[in-house]
Every structure is written in C-alpha cells, then in structure tokens.
Amino acid sequence: MDEPSLIREAQRGDLDAFNRLVLAHQSQVYNLAYRIIGETDAASDATQEAFLSAYRNLRGFRGGSFVGWLLRIVTNACYDELRRRKRRPAISLEVLTETDSGPDEEGPASLTSPQERPEAAAERLELSRAIQNCLDHLPLEFRTVAILADVQGYDYSEIAAVVGAPLGTVKSRLARARLRLRDCLQRFRELLPAAFRLEDKAPS
Amino acid sequence: MTGLHRLPRRDLEKLSAYLDGELTPAEAARLDARLREEAPLAEALAEMRATKRALGLLPMLRPPRNFTLTPEMAGIREPRHGYPVLRWASALATLAFMAACGLDAFGVLSRGVSFGASAPAPMAAEMQSAVLEATATEPANPPPTAAAEESAPILAEAPPAADAFLPPMASPEIRSLGIAVTPFGLGGGPPATEGDLEAQAVFPTETPPSEAEILASAAATPAPAPLPAEGTARAPATEAPLSRLPLATPRVPTIRWAEIGFAGAAIVLAALSLRGRRKR
Chain A
1 MDEPSLIREA QRGDLDAFNR LVLAHQSQVY NLAYRIIGET DAASDATQEA
51 FLSAYRNLRG FRGGSFVGWL LRIVTNACYD ELRRRKRRPA ISLEVLTETD
101 SGPDEEGPAS LTSPQERPEA AAERLELSRA IQNCLDHLPL EFRTVAILAD
151 VQGYDYSEIA AVVGAPLGTV KSRLARARLR LRDCLQRFRE LLPAAFRLED
201 KAPS
Chain B
205 MTGLHRLPRR DLEKLSAYLD GELTPAEAAR LDARLREEAP LAEALAEMRA
255 TKRALGLLPM LRPPRNFTLT PEMAGIREPR HGYPVLRWAS ALATLAFMAA
305 CGLDAFGVLS RGVSFGASAP APMAAEMQSA VLEATATEPA NPPPTAAAEE
355 SAPILAEAPP AADAFLPPMA SPEIRSLGIA VTPFGLGGGP PATEGDLEAQ
405 AVFPTETPPS EAEILASAAA TPAPAPLPAE GTARAPATEA PLSRLPLATP
455 RVPTIRWAEI GFAGAAIVLA ALSLRGRRKR
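Sequence lines, in order, name chains A and B. With our numbering, letter number 119 in the first sequence gets 119, and the count goes up by one each step, no holes. Quick note: to get our numbering, add 204 to the position in the second sequence (first position is 1).
It is possible that part of the hints are untrue.
[Claimed, not checked] Some chain B residues close to chain A (C-beta under 8 Å, calculated; not the full set):
#1 P212
#2 E217
#3 Y222
#4 T228
#5 A230
#6 E231
#7 A233
#8 L235
#9 L239
#10 K256
#11 G260
#12 L261
#13 L265
#14 P275
#15 I471
[Unchecked claim] Heads up, incomplete: computed chain B residues facing chain A, CB under 7 Å, no partners named:
#16 E251
#17 A462
#18 E463
Since the hints were made in silico from the structure, they are not lab data. Built from N, CA and C at the ideal position, the CB exists for glycine as well.
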C-alpha cells in the first residue's frame, strides 16, 4: 500500500496503517530530534510525543509532504522540551554518570562497521561528537535549519515548510548557521579528514 | 578572521544558496563571474563548502526503539464483549427499579393496608387465629349430609385430632384418606365457609415460619376435648372447597415474584454498570 493510501486509512482511524507510516519515517524523525536536542532519551520522548500528536491530529493533515508534516511536529516537540529545560535547568543522572567521551548514543556500535579499524572508528566517533557539540551551541532556529539542510539534505522549500518560515528567512538562517559552524569546527580541524579540512586560506 | 567573516551578509547568503543550487540561473551566472574575479569570495565559498560537507559526515542514527503506537497510547478502547448490552445497563437498571417500585405500589393499593406485602406472616397468623375463634364460638350444628355420614368410617381410622391439624398443603397421602387438612371444621366447628377458604388460600403455598410455628404449637398442645365422631364426620365437607383452591390462584405472589425479579435485575445491571465504569 502506498503512502497516500496509508494516510487515508490512518485518517479513518486505522492504527495499523498509521504504524506503518511510523516505521517508514521514524528514523528521520528521531534523527532530527536527536540532532536538535542532543540526548538519546529526550529525543526518544520527543519522537514518541510527535507521533502521538500526529495521530491525534491526522485529520488536520491536508496533503503535501507527510514527512515534512511529521518533521514540523517533532521540531515543535523539541522546542517545547528545550524551553522546558531552560525554565527548569537540571542535570540528568545520565549525564553525571557519563565519561568525558560523551553519551553512548554515538558510540562505536552505532558508528562503526565490523571491518573498520579501531583507530578509524575512534576518529569518526570523535568527529561526530565534535560536530554535534558545534550544533548544540547554535541558536535553536539556526540549528534546525542547518540540520535539515546539511545533515538530512532537504531543500529550502521543504525546510521552510518544516520550520514555518519564509524562504528568505531560511536562506539567511542557513548562511549564518554555516558561518558559526565554520568557526566552531576550526577548533576540531585535526579531527576532520584532509578532504574536509578547513583552511584559513583559500585553496589556490 | 576567515574569508567568510569578511563578506557582506548579502554575499554570504548568496554563496550559501549557490552551494545548495537554490539560485536562479541568472543569479548563479552572475556569481560564477564574480567567483572567477574575486579571490576572497572564492575562498569564502570553499570554507562554506567544507563546512557543509563536514556536517554531512554525521551519520543517520538507528532509532533506539520503534515508536509505533499501541491502542492504549492512541486512546483507542477495544469494544468489550457484550458492550452493546452493557452500555444501556444504567438505563435498564433504572427502568427495572421503577418497575419494581411501581409493582410494589400497585400491590399495596390493590390489597389494601391489611394485605400489605410487607408482613405476610403475622397476617397469616391472624387469619388462622380468627378462623379458630370463629369455629370455637359457634355451636356445633352438624350438617347432616350424606357425604359426611358416608365418610365417617374412614375418618374413624383417622389419627387423633392433633394429627388432623395439619398445614393446608398436607401430603397427598393424607388427603387421599379423606382427612380434613385444614383447621376448618375441627373441634366441632362448622365446616369452613367459602370465604374462609379463600382467605386461607391467600397464603396456601408460602407457609411462613411464624405460621408453621403456630401450627406446630397447636399440634403440641393437647386437644381440648375428644373429638366427637360427628365433628370429624363433618370434616369431609371441606373437600369440595379444597378442590377449588387452585382456582383461587393468589395474585400477590405473582406480583411479588415480578417485584423480586425487577429488583434483582436492577441490582445486577447497576453492578455491571459500575464495574464497566471502573474498568474505563
């Protein structure tokens, strides 16, 4: 059954049809939540909350990109979570028990393949954490746009639909986000592969 | 300071859009021309491209679990077996309760105050005592009927008077012997009138404990006097009215059973309704 048919069935209350849509899109939704929040548990909660909200408001979906609609819901769920944390800052036990290497989410098991050398796996892990750290320090609006464009590969119109902003705003936010990320990544340049390394001087 | 920081904001946005292929062909052509001539602009473009590619190194993570919804999470309640009936349980319980109350009120009005269904046992005792008094005060006037005289030999073999003082619904063996199974006509009293029998028939089957006690105590007390032969001879005269007992089918027990049925239905339905609400 194709996606429009599944959506119609789900709008009639078919939970199985909706769950098939969940399985098809949960990876994108969860990855966006994780990149915005930066924590496994909170990202899982936001993802679950987003799917629950999507099911309850499915009749309000009027066509267009279904995954874009889901991403917009999860983005709002992430914003709510981050605002809640800002109002009531707390340190989770998970963070306190972690080592300096960071959370387990992007541990070797999730990033490496069995054929990869341990050294290469460790370097990739370090790089991922460095980039995530740079994303975490971006303003929220910039962060979301950068993730959608450069991590998940959406075009400007899709990003505009997800974040609910005009195209010009998306263009401006993305350019400024890249500028800030470039500055942040300069601190981790030794982690980047040679082909991706940022140089202070333009290549000749 | 990198090349990106030296760029005007408008150029920065154009470079970003150029990287993503979001410029119109005309805008892209103009920027291409500038990139060939302006080295800082080309430097800034290279930095931005490297940043974009670095972000692309982030892997797609595998979700830690599935996020499918369960019916409970979605707020979907599975229809329970028998739900179409139970959903009306409250209304049915109310109707049954009202029917029980209505029947009760109807029974009270139709029977009058003395026939209130709330105290059948005392009334039965009163009826028995009233009949016994009536038979004791009236003089013995044996009805010289042929049937009574014919039954005399049979009654002569009958047990003492105390034994004859049996409940109305005595065993069929006793009744087949022609023994008077009602108190009427005992002790030399007249045979029971039709009205008496009807009054007795009001409580024929539901012999309440109090009535049984009365009858038992009456049986235990010694007979006041030996029963005259003619007194016992009149007893068979009660057989004819007794045969009409089924015709005087009591109305009160029927109503009483209906009341009990409706009240029971009301209780059961109310319990089912409460149970259903608690499970939600």
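Consistency of the hints with the structure:
1. P212: violated, 11 Å
2. E217: holds, 4 Å
3. Y222: violated, 10 Å
4. T228: violated, 13 Å
5. A230: violated, 17 Å
6. E231: With a minimum Cβ separation of about 12 Å from chain A (threshold 8 Å), the hint on E231 (chain B) is violated.
7. A233: violated, 19 Å
8. L235: Not OK, violated: L235 (chain B) not within 8 Å of chain A, min 13 Å.
9. L239: Hint violated; L239 (chain B) Cβ to chain A Cβ min 11 Å, cut 8 Å.
10. K256: holds, 5 Å
11. G260: Holds, about 6 Å.
12. L261: holds, 6 Å
13. L265: holds, 6 Å
14. P275: holds, 6 Å
15. I471: Given a least distance of 37 Å, the restraint on I471 (chain B) is violated.
16. E251: holds, 6 Å
17. A462: violated, 45 Å
18. E463: It is violated, given that the least Cβ distance between E463 (chain B) and chain A is near 46 Å, above 7 Å.
Of the numbered hints given earlier, the model fails hints 1, 3, 4, 5, 6, 7, 8, 9, 15, 17, 18; all others are met.
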